[in-house]
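In order, the protein sequence lines correspond to chains A and B.
Sequential numbering of the first sequence, starting at 5, is according to this note's numbering.
Sequential numbering of the second sequence, starting at 5, is according to this note's numbering.
Where hints are given, some of them may not hold.
In this list, chains with the same sequence are indistinguishable; a pair is considered to hold if it fits within one copy or across any two.
Stated by the list, open to error - The list that follows gives simulated cross-link-like pairs (lysine-lysine, DSSO-like), each with its CA atoms no further than 30 Å apart:
{"#": "1", "residue 1": "326", "residue 2": "424"}
{"#": "2", "residue 1": "274", "residue 2": "190"}
{"#": "3", "residue 1": "424", "residue 2": "117"}
{"#": "4", "residue 1": "326", "residue 2": "364"}
{"#": "5", "residue 1": "326", "residue 2": "6"}
It should be emphasised that the hints constitute simulated quantities derived from the structure, not laboratory data.
Number of protein chains: 2
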Amino acid sequence: MKKINIGLLGFGNVGSGVVKILRERRALLSQKIGVEINIKKICDKDLASKRNVFVEKALLTRDAKEIINDPQIDIIVELIGGLHPAKEYILESLKKGKNVVTANKALLAEEGKELFAQAKDCSKNIYFEASVGAGIPIIKTLRESLVANRFSSIYGILNGTSNYILSQMSSFNQSFSEALKEAKEKGFAEKNPTLDLEGIDSAHKLIILAYLGFGKLVSLNDVFIEGISRISLLDINYAGELGFEIKLLAIAKKEKQGLEVRVHPTLIPKNNPLSSVGGVFNAIYLSSDLAGNLIFYGPGAGQLSAASAVVSDLVDLTQDIKAGLFRPTLNTVEDRSIKKLIKINDIESRYYIRFMALDKPGVLAKISGILSKFKISIASVSQKERRKAHTVPIVMIIHEAREKNLREAMNVINRLQIIKEAPIAIRMEEV
Amino acid sequence: MKKINIGLLGFGNVGSGVVKILRERRALLSQKIGVEINIKKICDKDLASKRNVFVEKALLTRDAKEIINDPQIDIIVELIGGLHPAKEYILESLKKGKNVVTANKALLAEEGKELFAQAKDCSKNIYFEASVGAGIPIIKTLRESLVANRFSSIYGILNGTSNYILSQMSSFNQSFSEALKEAKEKGFAEKNPTLDLEGIDSAHKLIILAYLGFGKLVSLNDVFIEGISRISLLDINYAGELGFEIKLLAIAKKEKQGLEVRVHPTLIPKNNPLSSVGGVFNAIYLSSDLAGNLIFYGPGAGQLSAASAVVSDLVDLTQDIKAGLFRPTLNTVEDRSIKKLIKINDIESRYYIRFMALDKPGVLAKISGILSKFKISIASVSQKERRKAHTVPIVMIIHEAREKNLREAMNVINRLQIIKEAPIAIRMEEV
């Protein structure tokens, strides 16, 4: 049986998972694909730490060049993460005639343009199924299965850490910091979870999905990003009473004026399937014009789940290499009906807003008067029980409004003497 | 740009959809795939009926041979449905060196063995993404994306008609016949909906999914099939009170003793995502050992949705044809840990059961005494309000029991003087 050699850059969690699967499923895979995938070399800076898979010492190296320069290696699997030296390794590997499999969402989102151009120049492919949603096959789906479709929107719950924390707050009435502590203890949050909690990880993944769905590789700077660290239990509970869950939602949505690409906490109606995506699970909701509205749901992280996706990419590549040909992945085509990216100030959305105001007559009249001045109309309002002495939470749902207007109104309201805390505004989506 | 000729057998609903997409997305597809898909000929018995797409007369024929024997046609798309002459057309086309795309679940389920063998002999591929779940890319997912995975279970809501009826009954308190009438009016049920309502269509699709998931092409006779026509509003309401929805579930599940392959109405807990799949939507729930539990959800029928899947198959084939090579689809590999198919009598399940009994003292004691004799233990019981004079519904949830025992117990209970209607038993699944 023909043998196809691969080299692994990065022998961490997902890397060990890939080795584990290729070893333990060797027979199954060979039977299915008609070639043997052989791990020729594995590179990691740290060769001392224990992994949950045995590997012969001779396979290991600390020198990436040993892999990149090995002419017998057909595919490199980049699982180092981070921008550098991952980027340089991939560029170099492509130049050396290797195909690339990577799970590196940050790198693709931030440097994808250069990487994809280089791959094209070298007549090689970059596969990246594991970069979004781990084992959920959303990359192949967008690229191949829905090849004839145009998309009006892509919604994703793409970050397991954030979703775990929000789910715990909502289901068990935990505070943000309690939920975060638990997430760390369970291994669902990294020691420094900033990228996850501040929405950067979701934004990286959203950029990849939007690239496949709309043919536009948006830059990170063009994505509006707001994380979950300002979400309080109070708002989760009030939203719950009103029939909504708060989720960190990644949104790429076509409007008449252009494309919105944004990540932020979002109120979703409880009867929407996305609202019941709990814990570390991910889900992607696609609105396509032929296949309709589709949802893909599964664990968004995990050693074997991500490794499963990496292996499916490897298999795709082996089929072409076996046949001795280069078959480029299908081209992404830019949706030319999209004229521009819509800035966050220009979006129109419904909002949940909360004010902490003095419990005095005329407060509501004052607030609603200001909102009305900014053309913001109130859909519902409820004044909650008193919280601290003299301060009452006022919760409103407001109809579709322009973000700019909302922000200005909130600023004006915030300056009122009767307002005792910075007001909260959370966007809403029907999905 | 290279042109790849296809021939359409069947110019009905999905067939017109395929033509529509290939026409209206010609530019998009060419850009993405680098070849032009050209419809060279379309065959249908009925050329008089109006379609929602314009086609030049010269393209149309009533003679399938014109397509099958045309050496310039690379791919035939079989959308006739039914077993004959679809089977003969496909076999003949393979022999003539054509690849095949089909949406014909019945044919694949019942004659798949011969068709796949013929394809292999001829070094041609049969693609069938549209056969299950229309635009939901479940075939490619099982075959390619989850290539390294082993499955413990596959659950599907695979028939839109049945699901629509059950959803209407549950959500709007409609009777079975009211819901069926409405489904027909809305075009969600065929004039003769037997295949849909009796579970045959779901069974066909389940056979295909089980083939990809477990590598076993089960025969229709080996699938236990029970439709929804005996489901009453009464049971839907009682199940609802207990926290369950009733869904027509297609189940392929590995147990220690072997594989269960069955289709029947099933109580699913309301907090399970499958229970909220409403209307004509389909969903497939896969338990895989690497990628974890995944759910795929979307419209399970519809002209463009199914045609979207057909076009994705066409695109896959064009990529190989363009490269001038035959690249067989990945092999399915039999799961050898499956020793046999488990007969319905030998499954173990929880059950919802209902008796209509005389409202007399000692009735419950009698029934539960018999159940206990058959080693069936009751998890909960509720005696409902009186329905007809002297008759009360007794509803029970019973713990895991062997189906054989349950059936025998039900028979014995049915013979009691105090029992006034044939008892109802509906299986339950945790999913």
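Q: Run the structure past the numbered hints and jot down the numbers of the failing ones, going up.
A: 1, 3, 4
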